[in-house]
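K.L.:
Here is what each chain is made of, one letter per residue.
2 protein chains.
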Amino acid sequence: MIKQLLLGILCGAVILTVGILIGNYGITKSSSSGPSWVRDVAKDVDESFIEKFLSEVDNKNIEENLRELTKVPHMATTAGDEKTVQYMLKRWQDPDTGLDEAWREEYMVYLSFPDPKNPNKVTVVSPSDAVLHTAREKEKSYTTDQEDPEVVQPYAAYSPAGHARGKLVYANQGKLSDYQDLNNTLDLSGTIAITRYGGAGRAAKAINAAPFGVIGVLVYTDPGDINDGLMSDINETYPNSWYLPPSGVERGSFNTHYGDLRTPYLAAKEDTYRIPVEDITGLPPIPIQPIGFEDAYALICELAGEAAPPTWQGGFNCTYNFGGPGFKMTSAFNNSDVKLDIYNSGELRNSSNVMGVIKGSVEPDRYVIYGNHRDSWVHGAIDPSSGTSVMLELSRVLGQMVKQGKWRPRRSIIFGSWGAEEFGLIGSAEYAEQYITRLSERTIAYINVDIAVFANAYLRASGMPSLQNVIFTAAKQVEAPGTNSLSVFDNWIRYSNRTTTKNETIPKMGYLTGAGSDYAPFVHYLGITSIDMSYTYDRTKTKARIYPAYHTAYDTFDYASRFIDPGFVSHQAVARTAGNILIRLADSLLLPFNCTDYTELLKAYLDVALNLYKTQLQAREISMEPLKRAVASFSSAASHLDEVIRSSDLANETPLKVRRINDQLMLLDRAFLNPLAFPDKYAFRHVIWTSSSAGKPTFPGLADAFAKAESSGQSSDWDKVHYHLSVLSQAIEGAANTLVDVI
Amino acid sequence: MIKQLLLGILCGAVILTVGILIGNYGITKSSSSGPSWVRDVAKDVDESFIEKFLSEVDNKNIEENLRELTKVPHMATTAGDEKTVQYMLKRWQDPDTGLDEAWREEYMVYLSFPDPKNPNKVTVVSPSDAVLHTAREKEKSYTTDQEDPEVVQPYAAYSPAGHARGKLVYANQGKLSDYQDLNNTLDLSGTIAITRYGGAGRAAKAINAAPFGVIGVLVYTDPGDINDGLMSDINETYPNSWYLPPSGVERGSFNTHYGDLRTPYLAAKEDTYRIPVEDITGLPPIPIQPIGFEDAYALICELAGEAAPPTWQGGFNCTYNFGGPGFKMTSAFNNSDVKLDIYNSGELRNSSNVMGVIKGSVEPDRYVIYGNHRDSWVHGAIDPSSGTSVMLELSRVLGQMVKQGKWRPRRSIIFGSWGAEEFGLIGSAEYAEQYITRLSERTIAYINVDIAVFANAYLRASGMPSLQNVIFTAAKQVEAPGTNSLSVFDNWIRYSNRTTTKNETIPKMGYLTGAGSDYAPFVHYLGITSIDMSYTYDRTKTKARIYPAYHTAYDTFDYASRFIDPGFVSHQAVARTAGNILIRLADSLLLPFNCTDYTELLKAYLDVALNLYKTQLQAREISMEPLKRAVASFSSAASHLDEVIRSSDLANETPLKVRRINDQLMLLDRAFLNPLAFPDKYAFRHVIWTSSSAGKPTFPGLADAFAKAESSGQSSDWDKVHYHLSVLSQAIEGAANTLVDVI
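So the sequences go chain by chain: R and A.
If you're matching positions, the first sequence starts at 1 in our numbering and goes up one per residue.
If you're matching positions, the second sequence starts at 1 in our numbering and goes up one per residue.
Errors might be hidden in some of the hints.
As the list makes no split between identical chains, a pair holds if one copy fits it or if it spans any two.
Stated by the list, open to error - Below 30 Å or equal to it, Euclidean Cα-Cα: the simulated DSSO-like pairs (lysine-lysine) are: (1) Lys117 x Lys696; (2) Lys269 x Lys328; (3) Lys543 x Lys720; (4) Lys269 x Lys603; (5) Lys359 x Lys614; (6) Lys403 x Lys60; (7) Lys708 x Lys269; (8) Lys43 x Lys657; (9) Lys52 x Lys603; (10) Lys328 x Lys43; (11) Lys138 x Lys328; (12) Lys657 x Lys406; (13) Lys696 x Lys90; (14) Lys269 x Lys720; (15) Lys359 x Lys657; (16) Lys628 x Lys269; (17) Lys696 x Lys83; (18) Lys541 x Lys476; (19) Lys328 x Lys52; (20) Lys603 x Lys541; (21) Lys269 x Lys696; (22) Lys681 x Lys71; (23) Lys269 x Lys681.
It should be emphasised that the hints constitute simulated quantities derived from the structure, not laboratory data.
So here's chain R without its partners, still in its complex pose (with noise of 0.2 Å):
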């Protein structure tokens, strides 16, 4: 009895233990692993996820994409800019491969265009006003899509309208020491100077010529800058090769700030206050207007007066000629004037920009986004619809994914197709003036694919260089296309690279020091960590200024197909990599920035900044101790935070943790900018970033003080520079103080 009570209490308690241990164990996985969040919240990106992306970006998708989105000019705000809305919406919303949601918004901006009714004209009239030369209005028509009406007349927009009247002078690239060299020479005053593309902005040709006296500037692409030399359409150029015919003019915008002109620093909405137009500061202040080489042929070579030096020589197979002012005695030209005649007018216009997104699951508060404008001069098809193409694809792929239920990203996904780009990155610029205050507090950032393949040889790669890890993370992870199997980064290093100071050997990366595209925005108005990328040329094969088509009428899905990409390859690996990096953005647990990376760029900079200036500064009593000691607070902050997270269980910690840690990686870029660093240049706030007219790879806005002062050597412009000393050095406190320990 004693025995079976023994028996039966051993037996109840060995129940009694497996009970324990079925309740406490067996039934974890339903509720005692905590609230359901908890994993969620952990989730780091899902390779397999990339894999799956990768696969499914389709080259022929692209190569449709392009065909669709070229079909017709699409000038910002023309009715074929409004066809592009209308399929950037269609595919945005669309049921089974949209995003969540897509809508336009729009902006009322100053844009400047000819009259289609009164086209601008370029002449040579001889003293007795005939008319001995007239410039081509149009471009030569290699196929119907230069018939198209909708082809703008090339022309320079915010260009003032006018008559010029005068002798023809030729002044190199139109730089401020072009015009000086010239004035040396002879009188510049009441003259017409011709000026090639390249060296200076576009307005700076004008803005930099009218001091001297100069009433009128024409500006065309030398075959020497973007041909390679090579000038005739019969076997050379377009349509049998890249190459520009001699008739394509390169259009453009020639104002020298970004974003709507009229309403700066405001959101251009319709009552919104806007500047006189006279009070807008950047606009040539005399006609100019954009020509062929073959127009600019007929002019150079009849000039008369010394030889032009040897680096102001082009393409052309004659000697370029200062001017006498004017034509050789022995030309037809003889005595004859150039004559500008611009009808162009500024118009508010209303522009769209059109807008996608994909909500994040854990954190929606937090932005990851990609953009491309969508504006082109004529078809663009290279120039932006390559990029919008490879947006399309990317976001299809994602757009699919979510519709299906298999994936929603951590952070949210932002799409942008900016417009009116074309006219000064207005479309992103309202945008980042409008949202300031959401995009500063929850933007990643910003991922720029304009031209997504300029040639098809190797990926270009500009950014933070915190974002360069990501970057490399990706491109070995994709296949460069005409390689016998080589990684994107691999086949990159072959172009492009250099040594780190560990003695590695990586791919170059480049900066986005100016307001190229439209991460300008993004990086210098809002610091907010970008990248702008594109595949692009083998320089071996290629000294072009630009591919040959840019801002030409020969910009068109034929161009594109046939010489620029032929089977959307490079377009292809360029959806890859970018989408890539985008999903690495949106999914990683620990945002994928490298601080230390960011800091080797400091340091380099300090560098030379010490060789550059410490003596003569020293000998001004201006101390760069606090640079120095910047640079030294950042460089160990971004150490210790390293370590932080090396030494860190994220995905086992509070999400808490994880995200003040991203929110100090976010906000870095942030705490480079100044608003009073640079107040001579518009929306320009991010001080490592600015550009820079000094031409030293160190911090832009010393540089360009320190170049200032030592040319003026006023005490003030001395005063200047040691004023830039200081809100450059408390802005990289200011960076670092972001990044270390938070209390």
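Got chain R sorted already, so can you dock chain A onto it with the hints?
P.N.:
Coordinates of chain A only, in the frame set by chain R:
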């Protein structure tokens, strides 16, 4: 046997079930509720902790703090100031009651002092250069405090040094309109103006005067403005009451802009670029000196000329005349001049902030900042040491809890003991400039308690409307001293209340529109939601402009403990209320911000603006629709966010959702900043709270721009109204964008 077997199985089943239940629920606590941090991140404010805090705040400790802090004069950067630095450090570094960490931060700032060896002089001088009257150089002693050699001579900081001699005129409060009126009556060139404190800023009294030819200014405190008319130190004034003795002089800083004057927007570190002294704007262009009403009486009652208007008359028992200019023929001063000999000089001095922190447990990267300045003009018992005594008691209670391991706030708490506030909020402004990035990124709120007790009647609180609720909650939990167990809230409502749009009667909050204390850099430069609070006057008992000993040598421990707050019970009530708010801001799961209360203010401002301006603006084709739309956007975004909060079970959802909402609330005020909104006002960027001279209960920039345009009639001024309307509307839309659904 079967029965036994069945019984055994039954028993076994029961035991097994019991075991499973035990296993599943019994040991739930230890392992089955998921990661250990799940409970921490959901923790809300602990009411029992608040009760404990309230019970431990001790009025005797506050009294002892004050006694210690006021032993010697502690004007900024003097030896007495350094003593208080050491005392703060000792307290905050105390191993049992101190904070996690405390340290000092130095700035090299531009201050202004009289010359101890060559005191400033104000004299009446006869035509033969005989000195007929000399104003007191020091205040009369009633306690040994006034005999301390470190009591600084009364002076106007930042008045230029110089000698001015001329006929005296009476210019009321030194407002621009006062000088204009006076100028209509007599020629002011070469005169000395005597003015009353009040009505215009200190520097303004001299800045307004100079264009009329006035060459020197005196300023005094009229007994009608400060002493309810009482004048005699035999029985009416201190040491017999709280009223100002006849020789008492209000010192002050005579500058227009806050922060270090030589390093605008930059932290004033040793190597920071400093603007030249002559480039500082907003300083008196002519010598100015404060005097006591004893001396003012001797001068004003002797003035010749017409009687000044009734609103210019003060508390003296004589008629205030304009001045001949100069004195009456019947006066002993007939034909005499008043002479100012001012020897102030500007100096760069090291000023310290003392900082202390309690690190947050769950969200260390979110800061609640509590601060007060430390520097005084003389002993500064009320201004600022009453506030510092409160801060020290409050930080003692919290520090002790932390040291004992009984509590650690969810968010980090930062305490700031600012230096050189009296010279223009310098310590807090430099702190804001140096740490702008991390403060903007992470600060939940700033609480300022400068003068803790002006008088012992009721609580005065100013701040953003969104904090009204948490202030009320805290005030309801604290007993008001001197009442029959009324709460601070119920006592407050008796003295000062308003009726809301919902017809509730609530205590009336003030707004932080000026730059009267260290909240200014937080509100106006950083856009941080802020509170400034104190105990204040029963206005039925006194009309004093401010407590009478303000900025004089009589603001001592004796004065404070006998006349301002005997027993220190009002200090205690302020410490309890402010500490309660601080704990709620630091510990609440959801930030206790109410956006709908902000909506109420914006709608009220809008209604006033529409009433006052709409018709005239419409006539000039300036639409107020964008402003109406912006306020409507804000209103609906705020209501929607309220609804999201109400319908959420935040303690059980992902902590990232709570964080998202808290970030929206935290960043609300940041969104109202626009660095271009007020180009003429240094470091004022908040479009709702900027100071205004128009005196209308509406948007300050709009009111000022409208007033200017209406007065000048110039179309460029109307353009500025339109521009500001656009800036304002965009800022309010930006705030709405922060509150609407994040994607």
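K.L.:
Hint compliance check: list the failing hint numbers for this structure, sorted ascending.
P.N.:
1, 2, 3, 5, 9, 10, 13, 17, 19, 20 and 22
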